[in-house]
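**Q** In case you want the letters, here they are:
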Amino acid sequence: MTATAPHMPAASRRHVLAAAAICLLPLLLQLPLALGLGFGASALLVTAAAWRRPLPALLRILLGITAIIAVAATMPGIGRDSACGLLAGMLALKPSETFSLRDGRSLLGFALFAPFATFLLDQGPLSLALALLAVVAVLSALRRLAGDESGGSNRPQASARPGWQDLGEIVRLLGLGLPLALAAFWLFPRLPTPLWGLPDRAVAKPGLSDTMTPGGWLDLMSDDSPAARVQFFGATPARAEMYWRGPVLWDFDGATWHQLRWDAGADAAEMQPGDVRYDYQLDMEPTEGRELVALDLPLQAPPGSMFTLGHSLRAERSLDNVTRWRLQSAPPSAFQPALPPALRMRALLLPRGFNPRTVAMGRAWRREAGHDADGRADAALVGRALAMIRRDFAYTLDVPLAGRNEVDDFLFERRQGYCEHFSSAFAVLMRAAGIPTRVVTGYAGGYRNPIGDYWVVLNSDAHAWNEVWLPRRGWVRVDPTAAVAPERVFDTLADRRPGRIGAFDGLVGIFDASDWLRRGWNDFVLGFNAQRQQRMLDPLGLAGIGGRGLVLLFALVAGLAMGWMAWWLARGERERDPLLRAWHRLGERYARIGRARDAHEPAQAWADRVAADVPRAGIDLRTLGRRFSAARYARVEPAVVRALVRDLSAHRP
Amino acid sequence: MRAALRSRMQALTRPRAPESLPVRLDRRRVYVLPTATGLFFALLLGTMGLGALNYNNNPALLLALLLAGAAQASLLFAHLQLSGVRIEAVAAEPVAAGEPLSLRIALGAGDARQRRGLQLRHGDEVVHASFDASGTTAELRLPTSRRGLMPLPRLELRTVQPLGLARAWAYVWPAQATLVYPAAEPHAPPLPAASTGEGRARDARAGDDLHHLRGYRAGDAPRTIAWKASARRDSLLVREYEQHRRDHLQLDWSATEGLAYEQRIRRLARWVDDAEREGRRYALRLPGTAPIALGLGPLHRHQCLRALAMMPAETPA
Chain F
1 MTATAPHMPA
11 ASRRHVLAAA
21 AICLLPLLLQ
31 LPLALGLGFG
41 ASALLVTAAA
51 WRRPLPALLR
61 ILLGITAIIA
71 VAATMPGIGR
81 DSACGLLAGM
91 LALKPSETFS
101 LRDGRSLLGF
111 ALFAPFATFL
121 LDQGPLSLAL
131 ALLAVVAVLS
141 ALRRLAGDES
151 GGSNRPQASA
161 RPGWQDLGEI
171 VRLLGLGLPL
181 ALAAFWLFPR
191 LPTPLWGLPD
201 RAVAKPGLSD
211 TMTPGGWLDL
221 MSDDSPAARV
231 QFFGATPARA
241 EMYWRGPVLW
251 DFDGATWHQL
261 RWDAGADAAE
271 MQPGDVRYDY
281 QLDMEPTEGR
291 ELVALDLPLQ
301 APPGSMFTLG
311 HSLRAERSLD
321 NVTRWRLQSA
331 PPSAFQPALP
341 PALRMRALLL
351 PRGFNPRTVA
361 MGRAWRREAG
371 HDADGRADAA
381 LVGRALAMIR
391 RDFAYTLDVP
401 LAGRNEVDDF
411 LFERRQGYCE
421 HFSSAFAVLM
431 RAAGIPTRVV
441 TGYAGGYRNP
451 IGDYWVVLNS
461 DAHAWNEVWL
471 PRRGWVRVDP
481 TAAVAPERVF
491 DTLADRRPGR
501 IGAFDGLVGI
511 FDASDWLRRG
521 WNDFVLGFNA
531 QRQQRMLDPL
541 GLAGIGGRGL
551 VLLFALVAGL
561 AMGWMAWWLA
571 RGERERDPLL
581 RAWHRLGERY
591 ARIGRARDAH
601 EPAQAWADRV
611 AADVPRAGID
621 LRTLGRRFSA
631 ARYARVEPAV
641 VRALVRDLSA
651 HRP
Chain B
1001 MRAALRSRMQ
1011 ALTRPRAPES
1021 LPVRLDRRRV
1031 YVLPTATGLF
1041 FALLLGTMGL
1051 GALNYNNNPA
1061 LLLALLLAGA
1071 AQASLLFAHL
1081 QLSGVRIEAV
1091 AAEPVAAGEP
1101 LSLRIALGAG
1111 DARQRRGLQL
1121 RHGDEVVHAS
1131 FDASGTTAEL
1141 RLPTSRRGLM
1151 PLPRLELRTV
1161 QPLGLARAWA
1171 YVWPAQATLV
1181 YPAAEPHAPP
1191 LPAASTGEGR
1201 ARDARAGDDL
1211 HHLRGYRAGD
1221 APRTIAWKAS
1231 ARRDSLLVRE
1241 YEQHRRDHLQ
1251 LDWSATEGLA
1261 YEQRIRRLAR
1271 WVDDAEREGR
1281 RYALRLPGTA
1291 PIALGLGPLH
1301 RHQCLRALAM
1311 MPAETPA
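In the order they appear, the protein sequences are chains F and B. Under the numbering used here, the first residue of the first sequence is numbered 1, with each subsequent residue one higher. Under the numbering used here, the first residue of the second sequence is numbered 1001, with each subsequent residue one higher.
Hints listed in this document are in silico derivations from the structure and should not be mistaken for laboratory results. As the structure is a computational prediction, the values presented were derived from the model and not from experiment. Just to be clear, a hint being listed does not mean it is correct.
Covered stretches of chain F, going by a simulated chain B footprint (3 or more residues, C-beta under 8 angstroms) [what the hints assert, rightly or not]:
(1) 113-121
(2) 385-392
(3) 559-569
Residues from chain F that keep clear of chain B, each with C-beta distances beyond 10 angstroms, as calculated [stated by the list, open to error]:
(4) Thr66
(5) Arg190
(6) Leu191
(7) Ala377
(8) Gly527
(9) Phe528
Now the stretches of chain B that chain F is said to cover, found in silico as 3 or more residues with beta-carbon under 8 angstroms [what the hints assert, rightly or not]:
(10) 1085-1091
(11) 1099-1108
Note that the Cβ used here is the ideal one computed from N, Cα and C, for glycine as well.
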């Protein structure tokens, strides 16, 4: 680059700006809709306005401030997503000052941060495809700028040669770099623990969290993306028995259920597992939270996770990437039969002054049922509540906003809702009746993908149910939502198979295949980390190779990859015609014994000369020379040429 | 400081001495270093890679590695753009000192690789060479400062293809010298008087002195062409005149007595040019060399100017 920054030709400028736009696109898609649209539109406007001359500095500063305000308004707080939003805003405004070759290059460089930032928010296939596109676009723009720098005049065939060949060259460069990139990807030592943490999002994604507000899950329950994929080894539970236990919620403040605040790192609750064991591997999609799900009930906390007081699992670090957990679960025969008094108290607590009718009904039910030590009355109360639900209640997702006494409204007025309402109301009613009850959130059911034989748990499978504590049996799972009479299940998302639209299920196969691919991608690429890297080498007999060994291995493979790259690039120098190539090689062999062909010597004359000097091999050479001349200068069948090439290669002086 | 560094670099890079052409650039004399853009991208990719490793964000890491791989491939690519290039020959027409010399450089390649965006450079002068299958010829303008034989400088052949992230360059140092004529004196007195004969008008070259017609030879002044006769004969004919003694100039070193040494050379160079322009035959006599006989035309001019250019430098008396 020279000291004076030369201006970009208009065509190159268009190319650079288009490449930057492609880079920006995946990031815009991850931003809140209004912000994404706004930045996209302002990028176009700024580009149009600044096409001839740069915008005044004051205006640019003003636009920058506007962008910051827009980000702050849509994503309050400092987080990963708001930082990405800011980056998108700055990139959208950058075309206002992009004129010289150097500007173009720095814009391309900074634009590359956009797909990178996208991956901090989303690692899905769409983002990846767009990011790859962005890489190709940036490289081709760089190439054009390099052409400009070395003189526009040296592209005489520019018009005759459309962009395809240029594109081919870019793809070729990427392909050449691919072995090196893959070697580094698989073998470059990974960090077992991050050096610094990933900043959280300012605006959380819909997902399971440590709270539940009845009516708050509509986003989550209409989200058809996978939450986890599960592979069973051995026994597989029935679909109706698949309760994926997530956060357990104890505290109710009248509107929202919360986890216990001091709920971390508890010892596993005492439980006696039943006779069935489920052994499975669970791949969690990133949730940005620490809550894990496991089949009811997990037997032990896998490394990197711990139990909560509600016997749900919590990861030690937030799940920002696809994570893999190896778990064992068993339905319990008794689950914490000795409930500590503090927990018992917690499981009976109700907020003062909320839902008076429900509380009154619970107390009335208790008076009618009486008390007994072995919990027969408690069980009867549970049965009574379920019977009431079966009799009078309906399931629907079409629910008005919650009022102050939401449970009263639900139980006595509306009598319809979905799992959040049922579990919340059931818990309040049972607590009022003196039965320790808690809310369990998680997922219910799953979809078995016939391709790959694994189960997909979708976000729309999110579910909330209850556990009541009964003497001797401990916590018992009760799913009040499941008690709704099937004929009163209205507007629901149930019985949807992914990929089905109404009665049309032609897309199911596509969903199955694409989810299977996605799982492979997760498995192969997204879930790869330091532990997997170590495990990958085990089958190769390189177990326990250690960091230094890994570096050595990486250096070796990278060296090979570079060698391959150099060989492939240098191949351009070799003769393209296989016949000539074979003939030249033959000539080299003779040159080594001092019988090189002179520059002026025709093939036949040379062969005759050598034949005179080296009688033994020379006779063959003379024949070969004649055949070579015939193949070069007369019309012959390709098969003949191939045979000749073989013979030429086989011939030794 | 900078110049010292540069000369230090020169001493380290090949070729270290002038070489005779043709020269093939082999891989040992092609150098590759990242450009400023390349360093910027390296920094950027490093940041991206570190961030991706830290967050174990595999798609981001893959993205960074893919870019790094392509950049690495472009480094090799840039190297191969130059290696294999043959510098066949260089040639230049002599020019007067102070005027830029336009050096023609013929490039070829031993392979069929596509080469684009090659640049030849010397100092601030850059020229683009567009390669095709048969090679290319580029014209590089070199500054000249003094008369005489100018040894060719070390020329740089370079490229930033394909991505502008790396610059590959190689030096060529042809062991050749080009002739630089002395600069003609800008405001010189008129030509000295003719050596013999006087009083007759100069335009006596019209009709009556016509000696004969002869075929056109390259370098003949257009006005000596006999257009009518040429039209009749279908080939260009030139009038040859009776030699007019009075028109013959003797340009003599001694005629410029009293001027400084270089000044004398420049004056004579000017007179040679003037005589050429006026179409008068002239002879040149210089100390220390054989006198140059009467003559006219580009070849004669070259002979005279060459003799002037090759005059030894002034020796302090």
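**Q** With reference to the structure, classify each hint as holding or not holding.
**A** To see whether the hints hold, each was checked on the structure:
With a cut-off of 8 angstroms between beta carbons, the stretch 113-121 of chain F has 5 residues touching chain B; three or more are needed, and the interface restraint holds. Here the stretch 385-392 of chain F counts 0 residues with a CB under 8 angstroms from a CB of chain B, which misses the bar of 3, and the coverage is violated. Closer than 8 angstroms: that is the beta-carbon criterion, and the stretch 559-569 of chain F has 4 residues meeting it against chain B, so the requirement of 3 holds. The Cβ of Thr66/F lies farther than 10 angstroms from every Cβ of chain B, with a closest approach of about 27 angstroms, so its non-interface assignment holds.
Some Cβ of chain B comes within 10 angstroms of the Cβ of Arg190/F; the nearest lies about 7 angstroms off, and the non-interface call is violated. The beta carbon of Leu191/F sits about 6 angstroms from the closest Cβ of chain B, which is not more than 10 angstroms, so the claim that it is off the interface is violated. Every C-beta of chain B lies more than 10 angstroms from that of Ala377/F, the closest at about 53 angstroms, which supports listing it as non-interface. For Gly527/F, the condition that its CB be more than 10 angstroms from all CB atoms of chain B is violated, with the nearest at approximately 8 angstroms.
A Cβ of chain B approaches the Cβ of Phe528/F within 10 angstroms, the least distance being about 6 angstroms, so the stated non-interface status is violated. Against chain F, the stretch 1085-1091 of chain B contributes 0 residues with a C-beta closer than 8 angstroms to a partner C-beta. That does not satisfy the three-residue criterion, and the hint is violated. Three residues within the 8 angstroms Cβ limit are the bar, and the stretch 1099-1108 of chain B against chain F gives 0, so the coverage statement is violated.
Violated hints, in rising order: 2, 5, 6, 8, 9, 10, 11; the structure is consistent with all others.
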